[in-house]
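Engineer: Sequence lines, in order, name chains A and B. For the first sequence, position 156 (counting from the first letter as 1) is numbered 155 according to numbering that gives the first Met the number 0, and the numbering increases by one without interruption. For the second sequence, position 294 (counting from the first letter as 1) is numbered 293 according to numbering that gives the first Met the number 0, and the numbering increases by one without interruption.
Derived from the structure by calculation, the hints contain no laboratory data. Here the structure is a predicted model, which is why all the values come from computation and not from measurement. Check each hint, because a few of them may be wrong.
For identical chains, the list gives no copy identity; a pair is met inside one copy or between any two copies.
[What the hints assert, rightly or not] Below, in silico cross-link-like pairs of lysine-lysine (PhoX-like), each with a Cα-Cα straight-line distance of 20 angstroms or less:
(1) K60 x K48
(2) K39 x K342
(3) K309 x K319
(4) K12 x K52
(5) K60 x K39
2 protein chains.
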Amino acid sequence: MDYNFSERLKCLKPSAIREILKSLDVPGVISFAAGNPAEKAFPSAEIAKISAKIFEETPIKALQYNITEGYFPLRAEVEKRQKKLHGIGRNFDATIIVSGGQQGLELAARAFCDTDDVILCENPSFIGALNAFRSVGAKVTGVRVEDDGIDVAELEQKLRTTPRVKLIYLIPTFQNPTGVTTSLEKRKKILELAGKYGVVIIEDNPYGELRFAGEYIPPIKSFDDEGRVIYVSSFSKILSPGLRVGTVTAHADIIPKMVVAKQGEDVHTNIFSQLVCHRFMTECDIDGHIARLRALYGEKCALMSECLRKEIPESAAAFKIPQGGLFIWGTLKNFPDEARLIKEATARRIAIVPGSAFMCDPERNATGTASFRLNYSTPSEEDLIAGCARLGEAIRALE
Amino acid sequence: MDYNFSERLKCLKPSAIREILKSLDVPGVISFAAGNPAEKAFPSAEIAKISAKIFEETPIKALQYNITEGYFPLRAEVEKRQKKLHGIGRNFDATIIVSGGQQGLELAARAFCDTDDVILCENPSFIGALNAFRSVGAKVTGVRVEDDGIDVAELEQKLRTTPRVKLIYLIPTFQNPTGVTTSLEKRKKILELAGKYGVVIIEDNPYGELRFAGEYIPPIKSFDDEGRVIYVSSFSKILSPGLRVGTVTAHADIIPKMVVAKQGEDVHTNIFSQLVCHRFMTECDIDGHIARLRALYGEKCALMSECLRKEIPESAAAFKIPQGGLFIWGTLKNFPDEARLIKEATARRIAIVPGSAFMCDPERNATGTASFRLNYSTPSEEDLIAGCARLGEAIRALE
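In isolation and in its complexed conformation, chain A is listed as follows (with noise of 0.2 angstroms):
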């Protein structure tokens, strides 16, 4: 039968990097195209004696209801770190646990906007979080990224001649895709820039913890002394993303709104994977954890920087090395066609993301150039060794 869908939805496709991910059972091929952590970066070992004791010790609690705002020591753990780390927690902020930090970008998204209300984004920038904030009416509309971040420039300019600008969202640390890291001098002027528009900025952190080059910048969150932030982070890359576990941090006003969306959406995020996470930051060295993390993502990412090298001559393509997180951003030099270079990488069964999947308007890719994006956190070293010499066949292939 014909089905007469909402508006809204009927323009959604599927995430190009989900639908690349079910194909990633096929053998012999080498996947760059994740965003998954290292299975060697799973504390498995902890995890199982924490869940040993979970259902020895409070096994109703693993299993009943919870309320919906979360697990409260877990909430206070949360703020306690964020607090140490970067700063973050003034007396009018509140945090909540949502169900991966996509749930808190998606809930930010339905607190402010309504259908055609505007979010300026990083152009690229996360595709999970485009599609949300598409899925809810809203219009996404990009901002170019520099290599010190976006151009703020260019978001004045959109801030003052943009109908209906709600939101500003961005991945200051580490960005997703292009591996940017903005600078701190621009994550003031973004926040003042907020300010004088009045708009609110949701500040995605998955990635901070992961530094493995370069010094510490703080979070545009950690100056936010009015409640202008929605500060969104996860155990997702830290600990585990099949667990479902983020965290939002925001003002108290803000917070309730978002709660009764979440409400609707899942009642709570599963209670089991919040004491998980709660007794992993009260009962394992978690700090720990995280420096082998660094340790293991700089390895692997100094590895592929080395691989592409060698393999890809400096006149073809030109790679930003990042400072932490999970990417490597490419963009072609002599020949800019996104969609031979799919096919012929394809061919040689090496998947990688390419960058228009990450633009605010995929069908109008401005800069007339062919990006893509590698991950280096899921293969192993074989296969990132392996990968980037496929890689570089399929880039010589285009000439």
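Given the coordinates of chain A, work out where chain B should sit on it, guided by the hints.
Structural biologist: Chain B alone, transformed into the frame defined by chain A:
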């Protein structure tokens, strides 16, 4: 600062029940307000064993990202069981895992409704569904519930005269909050009317397996030969609500719309919980477990019924005693003043949910009666006895 929130969420209030749940920690309060499974209902020992096995045998699978549609072996097992129990599942159907039945309801509304589209609902109905529908901008319009289900004459009249009806939302078996089960004849008539007026049905069946009296009636979905019914079920009431695992079975043309909305909400349902549900279905005696739940809730329902008969004269209130599920619905006969009843009950530290909380239009309680929902699954036997005595006192105080 002043925030410019979305119109869609501005009007939404937090669920009265969720808010009541928060106050449950007050010492001395007996709550008939929740919808929680009994503590005795959790197969904690089995889940502890399963959990240990998961972290021993497949730790990475339990912690890594998974696909939005859900863990394939669980989907297959759910389909097999639904086929066996209910004859649900045609060739055109597909099944996905969602983060509790709640998410299934919300995704169905998002797939079909734009702002001001209408969802016809039983009146009263499940407050979590009503709020989810409102939060996506849909209007909920109520149809009276009779002792054998929705008033089908009123349903047809509203289908004929209401513009923009997209969906009918029903809990045909052990309805929340009334406990009413829709008769076989009405189920078939409702499906026929949905076809005649070109609307889709959301059939919500969280309590279906909890029958302790009367005869089995197949779900509407089991008669659905054209893909008109979205069937939502859940592990919350048969295994654990804290795990947040529900299922949706619908035509394969509908499912991708819900999947794309789910990607934006939480990427996927937490995978550890999905593995628990799968192992519970395949490695434990799920039928034996559910048989024990049926006996447990049958006894608790009988105890509450007996206490209500003893404590509250027939002249003062009428009660609908259900054949399954978790709730008894009460209606005051002589002093239909809801606000006073809640005040008197609260003064005696007995928590109940006022009937107006479940109304499609809470401001205009057209029936002019005062009703309330009583839950017998959560309280202990002692609390059932003491709570009914307190409720009796509260009702006598109205005179």
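Engineer: Are the hints correct? Go through all of them and say.
Structural biologist: Against the structure, the hints come out as follows:
1. K60 x K48: both (17 angstroms within a copy, 17 angstroms between copies)
2. K39 x K342: Neither. Shortest intra-copy (31 angstroms) and inter-copy (57 angstroms) distances fail the 20 angstroms Cα cut-off.
3. K309 x K319: within (15 angstroms within a copy, 76 angstroms between copies)
4. K12 x K52: Classified as neither; 42 angstroms inside a copy, 37 angstroms across copies.
5. K60 x K39: Between copies, since 13 angstroms is at most 20 angstroms while 30 angstroms is not.
Hint compliance for this structure: hints 2, 4 are broken, all remaining hints hold.
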